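Dock chain B against the given chain A, drawing on the hints supplied.
Line by line, the protein sequences give chains A and B. Residue numbering for the first sequence is 1 to 324, as defined by this note's numbering. Residue numbering for the second sequence is 325 to 643, as defined by this note's numbering.
Everything labelled a hint here was simulated from the structure, so no lab data went into it. These figures come from a predicted structure and were not determined experimentally. Using N, Cα and C, we set each Cβ at its ideal position, and we do this for glycine too.
Derived contacts from chain A toward chain B, CB cut-off under 7 Å, selection only:
1) 49
2) 50
3) 189
4) 193
5) 215
6) 218
7) 219
8) 221
9) 245
10) 259
11) 263
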Amino acid sequence: MEQPILSIQNATKLYGGELVSSPKTIVALDRFSLDIYESQAKIITIAGESGSGKTTLANLVLGFLNCTSGMISYKGIDLAKMTRDQRRMYRKEVQAIFQDPYEVYNPFYRVSHIFNMVVRHFKLARNMREAESLIEEAMKVVGLRSEEILEKYPHQLSGGQRQRVMVGRAYMLHPRLIVADEPVSAVDASLRAMILDIMLRLRNQQKISFLYITHDLSTAYQISDAMYVLFQGTTVERGVTSKIIENPKHPYVQELIDSIPVPDPKVKWDTNISLPSEEEMRKKTSVGCRFYPRCPKRMDVCIQAFPEMVKVDEDHEVACYLYQ
Amino acid sequence: MPSNHVLDIVDLNVHYFTPRGAVIAANAVNLYVKQGEIVGLVGESGCGKTTVAMAILQMVQAPGRIVRGEIWINQTNIVNLPERELRSIRWKELALIPQGAMNSLNPVTRIKEQMGDAILAHEKITPKELKTKILELFNRVGLPERVYNMYPHELSGGMKQRVCIAMAISLHPSVIIADEPTSALDVVVQRVVAQTLIGVKNDLGVSMIMIGHDMGLQAQMVDRVAVMYAGNLMEVGPVGAIFERPYHPYTQLLIDAIPSVKEKKALKVTEGLTHDLRNPPPGCCFQFRCSLVEPRCLELRPELVEMAPDHLVACVLHT
Chain A
1 MEQPILSIQN
11 ATKLYGGELV
21 SSPKTIVALD
31 RFSLDIYESQ
41 AKIITIAGES
51 GSGKTTLANL
61 VLGFLNCTSG
71 MISYKGIDLA
81 KMTRDQRRMY
91 RKEVQAIFQD
101 PYEVYNPFYR
111 VSHIFNMVVR
121 HFKLARNMRE
131 AESLIEEAMK
141 VVGLRSEEIL
151 EKYPHQLSGG
161 QRQRVMVGRA
171 YMLHPRLIVA
181 DEPVSAVDAS
191 LRAMILDIML
201 RLRNQQKISF
211 LYITHDLSTA
221 YQISDAMYVL
231 FQGTTVERGV
241 TSKIIENPKH
251 PYVQELIDSI
261 PVPDPKVKWD
271 TNISLPSEEE
281 MRKKTSVGCR
291 FYPRCPKRMD
301 VCIQAFPEMV
311 KVDEDHEVAC
321 YLYQ
Chain B
325 MPSNHVLDIV
335 DLNVHYFTPR
345 GAVIAANAVN
355 LYVKQGEIVG
365 LVGESGCGKT
375 TVAMAILQMV
385 QAPGRIVRGE
395 IWINQTNIVN
405 LPERELRSIR
415 WKELALIPQG
425 AMNSLNPVTR
435 IKEQMGDAIL
445 AHEKITPKEL
455 KTKILELFNR
465 VGLPERVYNM
475 YPHELSGGMK
485 QRVCIAMAIS
495 LHPSVIIADE
505 PTSALDVVVQ
515 RVVAQTLIGV
525 KNDLGVSMIM
535 IGHDMGLQAQ
545 MVDRVAVMYA
555 GNLMEVGPVG
565 AIFERPYHPY
575 TQLLIDAIPS
585 VKEKKALKVT
595 EGLTHDLRNP
605 PPGCCFQFRC
615 SLVEPRCLEL
625 RPELVEMAPD
635 HLVACVLHT
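Excised from the complex, chain B in its bound form:
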């Protein structure tokens, strides 16, 4: 693991074992995150983005299981680490901003208690120091001090989201995993939360994985993009290169699907359904929905190939 990588995912395979066969939710995923960068993980619902996030945190729910793979954080492989050791790593090395963060706060305890719980589990500090620390965190994410004594229902959606961000950065983790941190917010609040996250990254130098399906937001926030489809990485590259020259037809499709306020364009309705994840077809997994499909796509599963420095794509058109 190169020294500037804070997180390395090596050959990660996650299957969900159902009575009718194993659903392959993540297939041979390789991804790394460098110090101080935001990596976007994009794809449609059901493509395995959240599964990868949960696998990184070692929180894949049964019947899911990591069947193969390594996850390296600061020179430690955390796959199959005992629960006790994992507990000390979670929050301290790896923090999560969950999907729908507005519903992840405990409704019957005050914000100060929830945040105090998480911090005191890892650090021995006096109540006075704790209060100073929490108020400092509020300040960093732009929350007023009165939130300290409030209950979650007294906060707006954007404020709850910022409480979750404050909790995630409270122990200076190396990596924050943000699972669609702005998906339920309207556009102005989305911008406020997105800018809070960018600010946190710039101030603290923390690395992030930003999961989402909105390519527009990705363009604004991330340094590198990883495009995922049906459990496979299709393209990984610097955000500028991906938007300028997307190699994979699926990446192109995602970019074309961004609705614009600059020009009116015809709606792009895609035909075809994703294959049954229990029985992936031979060949490329995108074959049923690809507009450029060729006979060889049905036979050969393309590997990720490096087209330019740091820009990888898995498509037979580029081998």
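If we strip away everything but chain A, and leave its shape as in the complex, we get:
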């Protein structure tokens, strides 16, 4: 059996509670597991609303945070116990793209600085000419002309160019995995298509896997292979993207899909939705299903213990008592 390149085993992250000042602990991520294999490059969606723990997961994978319990390992090495050299290798092979293409640049430097820094830090090239051809190639992959871009300052680029430069930078390191944290949430339609198209090409041609973190199920449906839906840190449904979107099982996922505005004025939202107050959501028990206070199909059993994952179809699992 092939060893996964990235393996997340029961990763759990708690916030607060370490100091006297914050008595409440918040479970940001609860026993999350995921394996990514090198042989099949995949785009894996992590979906959920704000506060669902998806950015916490990204930060754990990128090594910005450490797990409270559980383990993340890369090529069999525990992330928390990596040596300096191993960590450098990890930083090279796992790259990130962030939500806001406006804020990741240092406005004082030209765009070329971003590439030069990468080349220097990871010693990618032996001389200037080699470095130039590497940068040239990276720019070509994302559809930009380097002579037009490199000598400009970030504020002279459009939003789409900025985001593409970041993807190009990530590509230059030939990563095995790119963590894309809401890469298209802040951009408009034509730009969105452009970025998603680059992601698809990198998956197909360069065999790069993606962790695509988003709250937008429709773009996930268009490009991703597998999907994990999080709710308040817990995984409520996981499996093949098309199965989940076309046939959602968990009441939360059904609510998410129903809430996507239908682009047809003749089909309006048929029901009014109301969310229980925050207080009610926080007060509820931590043993049962997290979705209980909002669930239209809740049962008594739901607050007794957290539902286990059950298989409803090949490569389609759901954590809900309706299917046990």
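Coordinates of chain B only, in the frame set by chain A:
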């Protein structure tokens, strides 16, 4: 101005004066809003949607300036009205739900104080009446009473957005301008806020301009759509007609770009960049990105032509 119009924008031109020439952010925009309808103003980032909204409120920031045009609200042209008179019109006739409303509340004052400020600036009422009024407003937008004593950081994004909606309707304005009211919210909260806005419109009969780039949300919320590109209106029409039969290639593009959960479709990557807004080309402003471009598009700037009642389009294919 016909009597059922609450807002009439006539030949609005807004330029931003930069050292390297004037950026034409709104070019000869004509648009009206009828009593009790929601008009959607859509287009990509940088197309001038927010500029038009700010021009309506007479709040265009320097170096921008309204170089020509009239904005009629209830039989008054408010362009070049003195600031003192404008102050009495803002909030009372014209309210704004700003872009990123979550960041537009003052973080160091309680919600009751912020809302009280806006109301007391226009109405003389007793503290007791004020409290009743604010609680009534909360009730209307679906906020619990405890929000009254809370600070903005204690509220979630959707609740802050609803506080902004409550503030906007507090003085019964004729027109509310909602600048991407749901853009930073996730899909379930977006639906809650959108339904709150629709509810407010139905209950109070207030008119709205809904700015956004999500055509799916527009389909759910608005009565008429105005599509804007590079400062020009490309197509204006009833929402049903626009989705059923979009005349302009750009409108078609916006509708095709909506990602769907019903069918998998190939991503539509558009080529070409928008022209430099300082030097618009002769001819159609969409020529560099249009898939149906013809030689005559490069020469002639199409005017808005009425194709069907209330459905206007500016494209040489339909003249």
